[in-house]
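K.L.:
As a plain string of letters, each chain reads:
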Amino acid sequence: MDPRPGIIKERLKSIKQTIAVSGGKGGIGKSVTSTVLSLVLADAGYKTGLLDLDFCGASTQTILGAKNTFPKEENGAVPITINGVKFMSITCFTQETATPMRGTDITNAITELLAITLWGDLDFLVIDMPPGLGDTLLDTINLMKSNFLVMTTPSKTTVEIAKKHIEVLRQSNAQIIGVLENMSRGEPSASRELAEKFDIPFIGQINFDPKLEDAVGNAEKLLETRFAKEIKSRVAKTLKSL
Amino acid sequence: MHEWALAEAVISTAVEFAEKTGFEHITEIEISIGELQQIEEDPFLFALEEMLKEKSKPVDKNTKITLEKENAILKCKSCKHEWDYLNALNELDEEKVESIHFVPEVSHAFIKCPKCNSPDFEITNGRGVWINNIIGK
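Protein chains in written order, with my numbering: chain Z, 1 to 242; chain G, 243 to 379.
Honestly, I wouldn't trust all of these hints.
[Stated by the list, open to error] These stretches of chain Z come out as covered by chain G in the derived footprint (C-beta under 8 Å, 3 or more residues):
id : segment
1  : 66-76
2  : 106-119
[As the list claims (entries may be wrong)] Here chain Z is said to cover these stretches of chain G; the calculated rule only asks that three of the stretch's residues, wherever they fall, bring their Cβ under 8 Å from a Cβ of chain Z:
id : segment
3  : 244-253
4  : 349-361
[What the hints assert, rightly or not] Listed below are the simulated BS3-like cross-link pairs for lysine-lysine, each with C-alpha atoms no more than 27 Å apart in a straight line:
id : chain 1 : residue 1 : chain 2 : residue 2
5  : G       : Lys295    : G       : Lys357
6  : Z       : Lys9      : G       : Lys295
7  : Z       : Lys9      : G       : Lys303
8  : G       : Lys338    : Z       : Lys72
9  : Z       : Lys145    : G       : Lys295
10 : Z       : Lys13     : G       : Lys299
11 : G       : Lys299    : Z       : Lys9
12 : G       : Lys311    : G       : Lys338
13 : G       : Lys262    : G       : Lys297
14 : G       : Lys354    : Z       : Lys67
15 : Z       : Lys232    : Z       : Lys221
16 : Z       : Lys237    : Z       : Lys16
17 : G       : Lys354    : Z       : Lys9
To be clear, the hints were calculated from the coordinates, so they are not data collected in a lab. Cβ atoms here follow ideal geometry from the backbone N, Cα and C, with glycine treated the same way.
Could you build the full structure based on these sequences and the hints that come with them?
P.N.:
Have a look at this one:
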């Protein structure tokens with residue numbers, strides 16, 4: 001019998017809201033959105049954590065510019081804090097070394113991280129999800145009571161994949177906060193129609209910010225970007241009203 | 243002491259088990275410790291006993307804990323070679339062993355098949371803490 005699932009509920013009991021930034025497709029800005037969202041929430045005074053569950057493509061440590069992230073060992077793993085955000089990722093342990101994992105390994109690693117991480121009191125735990133409908137999505141649904149923020153872009157391919165993603169979330173009775181379109185060019189898109197079709201909120205469009213890349217690796221600079229301001233006005237506002 | 247977190251998980255699972263099965267008292271919990279996670283037996287047992295002292299039925303100070311070690315066996319998915327983790331342990335520095343201690347799957351970052359050098363291996367035995375049996379009445 002695996003003892004770890006038995007303690008996960010206890011570990012997460014002092015977290016008011018868990019926000020899983022997902023969407024199904026890779027390369028649509030889930031990692032930068034989850035990182036900037038956590039920075040924006042912490043900057044607004046909320047106790048915030050960021051959990052990177054994209055084990056095979058973890059990048060939030062690069063976006064944050066996080067160094068020496070090995071957690072403290074005090075009756076569990078205590079995450080380090082970066083710009084007010086408690087941070088946990090597989091990269092805290094892998095020293096930036098490539099870590100190929102199969103499904104069973106992914107499930108085991110998620111279960112272990114959830115069982116040993118001592119988050120303490122949090123207003124928000126933001127999760128950076130990997131692309132796809134695989135183990136991580138299903139484990140997140142099963143092990144944590146998460147609210148999913150479904151990301152899209154104006155691309156028809158992305159919207160089609162997001163549709164399947166929403167279908168799985170619906171079938172699993174997972175909570176969906178809404179649809180957020182990234183890399184928008186300010187034109188009407190299929191993302192709004194997608195949200196309307198499933199009767200879920202369309203949170204809005206985040207315009208492509210050509211200066212965002214320059215701020216990657218510097219949390220202070222990220223907070224000053226137009227991208228961060230748009231995340232604050234659209235997503236953070238929605239979360240506060242929930 | 244990360245052993246404390248895993249000890250809490252064992253106690254919590256035993257209590258849940260008693261609720262499901264209707265056991266009034268858990269008399270024994272049999273636990274195996276996989277060598278991959280390099281759990282320190284004494285602090286783990288100490289944590290379990292300290293927690294049990296503070297508890298009342300279904301688990302309490304009279305609940306017996308038995309621990310057994312389990313060899314960690316790794317099997318290459320590419321060439322099917324099997325090897326013992328302890329053979330790889332000598333080649334890992336302290337920081338890497340500590341990382342595997344927290345999350346055993348991190349071993350995929352640091353260990354390769356000694357025969358074909360593939361990082362694609364399976365942990366077939368001895369991953370970490372496992373409850374073999376819960377006895378109650």
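K.L.:
Given the hint that Lys338 of chain G pairs with Lys72 of chain Z, does the C-alpha gap stay at or below 27 Å?
P.N.:
Satisfied, since the Cα-Cα distance of roughly 15 Å is no more than 27 Å.
K.L.:
Taking 27 Å as the top limit, are the C-alpha atoms of Lys9 of chain Z and Lys303 of chain G close enough?
P.N.:
24 Å, holds
K.L.:
CA of Lys13 of chain Z to CA of Lys299 of chain G, is that 27 Å or under?
P.N.:
23 Å, holds
K.L.:
Mind checking the alpha carbons of Lys354 of chain G and Lys9 of chain Z for me, to see if they're no more than 27 Å apart?
P.N.:
Distance of about 35 Å is beyond 27 Å: violated.
K.L.:
Keeping to a limit of 27 Å between CA atoms, is the pair of Lys299 of chain G and Lys9 of chain Z held or broken?
P.N.:
21 Å, holds
K.L.:
Does the segment 66-76 of chain Z contain three or more residues whose Cβ lies closer than 8 Å to a Cβ of chain G?
P.N.:
Holds: 6 residues of the segment 66-76 of chain Z have a Cβ under 8 Å from chain G.
K.L.:
When you check the alpha-carbon spacing of Lys237 of chain Z and Lys16 of chain Z, does it fall within 27 Å?
P.N.:
16 Å, holds
K.L.:
Against chain Z, does the segment 349-361 of chain G show at least 3 residues with beta-carbon separation below 8 Å?
P.N.:
Since three or more residues must qualify, the claim that chain Z covers the segment 349-361 of chain G holds, with 4 doing so at under 8 Å.
K.L.:
Taking 8 Å as the Cβ threshold, is the statement that the segment 106-119 of chain Z is covered by chain G upheld or broken by the three-residue rule?
P.N.:
holds (count 8)
K.L.:
CA of Lys9 of chain Z to CA of Lys295 of chain G, is that 27 Å or under?
P.N.:
23 Å, holds
K.L.:
Okay, the segment 244-253 of chain G and chain Z, do three or more residues pass the C-beta test at under 8 Å?
P.N.:
Held - the segment 244-253 of chain G has 7 residues with a Cβ nearer than 8 Å to chain Z, which meets the minimum of three.
K.L.:
Taking 27 Å as the top limit, are the C-alpha atoms of Lys232 of chain Z and Lys221 of chain Z close enough?
P.N.:
15 Å, holds
In terms of the numbered hints stated before, the structure departs from hints 5, 9, 17, listed from lowest to highest.
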